[in-house]
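Student: Chain residues, written in single-letter form:
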Amino acid sequence: MRALRAIVVAVSVAFAAAAGAVVFEQREFESEAQLTRYKTLIHELRCLVCQNQNLADSDADLAADLRREVYRMIVDGKSDDEVIDFMVARYGDFVLYRPPLKAKTVLLWIGPFVLGASAIVLLIVQLRRRRTAQPKATPLSAEEHARLHALLENDDA
Amino acid sequence: MIRYLLPLGIFIVLVALLGVGLRLNPREVPSPLVGKPLPEFQLPQLRDPDKTLARADVIGRPLLLNAWATWCVECRREHPVLVDIARQGNILLYGLNYKDQRREALEWLQRLGNPYVASGFDGDGRVGIDMGVYGLPETFLVDARGVIVHKHIGPISREIWARDFVPIIERLGRGDS
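Chains as they are written, first to last, in numbering that gives the first Met the number 0: chain A, 0 to 156; chain B, 0 to 176.
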């Protein structure tokens, strides 16, 4: 058991070094699966203090506390969903970097696709219209021919 | 005509949206706790570690729960307003002394006045997490049934107090919450 722990800790350190990430605390897990879950969770949860960082990247006090909570819950055998629910119940959906799809966030999720689709539709419509609206070269009538001729003649004079 | 007005229209809408976005305060994250019961807690009191302050001790009348700390600069700015609110006596104030030093916190109350009926001492910030505290000061307005009816993030100024709190407190006082 102890050997396994040592390996997991070593793996955690190596992983962090490889990713160039800062490790704020050393954590010991019973299994590698727990370590992976911990890493995933702290990367997906937002630090409320420094809002554009996740828990993994932030050295804010609150981020450290929340990492501790995530760690404690994982070691206690809580599921990922339970950890996420715990955070959302306290800090709202904002704590999630991937907000859930619900009535309030529908625009956020499908907005870009709607915009993209309407842009494509608009483009197609425009292209079609341009093609059909292309003025056909109508031949000059005899009268116009004569006028053109006269103008050219005049110019020469 | 519409060919020229359409891009202009889109531009104006965009500017309006961005303008509204600029005015929003990203620090004010809407709390999911508003409308929910105040979370259970039990903390040693700041003044006397042998006594506890728990949810059950504070519920029963409308109250303010103010998360504060001596290391929080904005709390210093807010403090005189809280002292005033306590003096007016329309509502009870409780403190959540968040991740602070007990000695410094007591000194602060001695020097600046103590607006709180009692403060819970949340040394490791665990209760703060349950309350969704992320940026001090934060103030919860809780009704007599123990439901959080309003949360304010950042220092309460006299203007904010009059605008955001007083109407709710008056409504609570009339009993039609």
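It is worth saying that the hints were derived from the structure and are not from the lab.
In this text, all values refer to a predicted model and were calculated from it rather than measured experimentally.
We put the beta carbon where it would ideally sit given N, CA and C, even for glycine.
Hints may be right or wrong, so weigh each one.
Stated by the list, open to error - Okay, the calculated beta carbon distance ranges per label pair:
(1) A:His-42 to B:Gly-134: 52 to 62 angstroms
(2) B:Gly-88 to A:Lys-101: 34 to 44 angstroms
(3) A:Ala-32 to B:Arg-162: 44 to 54 angstroms
Claimed, not checked - Cut-off 27 angstroms, straight-line C-alpha distance, at most; resulting in silico cross-link-like pairs (BS3-like, lysine-lysine):
(4) A:Lys-101 to A:Lys-77
(5) B:Lys-35 to A:Lys-38
(6) A:Lys-77 to B:Lys-50
Stated by the list, open to error - Rough simulated footprint, nothing fancy, chain B against chain A, three-plus residues with beta-carbon under 8 angstroms:
(7) 43-53
(8) 59-71
Student: If a hint holds in the structure, say so; if it doesn't, say that too.
Tutor: Status of each hint after checking the structure:
| no. | hint | verdict |
| --- | --- | --- |
| 1 | A:His-42 to B:Gly-134: 52 to 62 angstroms | 22 angstroms, violated |
| 2 | B:Gly-88 to A:Lys-101: 34 to 44 angstroms | 43 angstroms, holds |
| 3 | A:Ala-32 to B:Arg-162: 44 to 54 angstroms | 51 angstroms, holds |
| 4 | A:Lys-101 to A:Lys-77 | 25 angstroms, holds |
| 5 | B:Lys-35 to A:Lys-38 | 31 angstroms, violated |
| 6 | A:Lys-77 to B:Lys-50 | 32 angstroms, violated |
| 7 | 43-53 | holds (count 3) |
| 8 | 59-71 | holds (count 5) |
Against the hints set out earlier in the document, violations occur for numbers 1, 5, 6.
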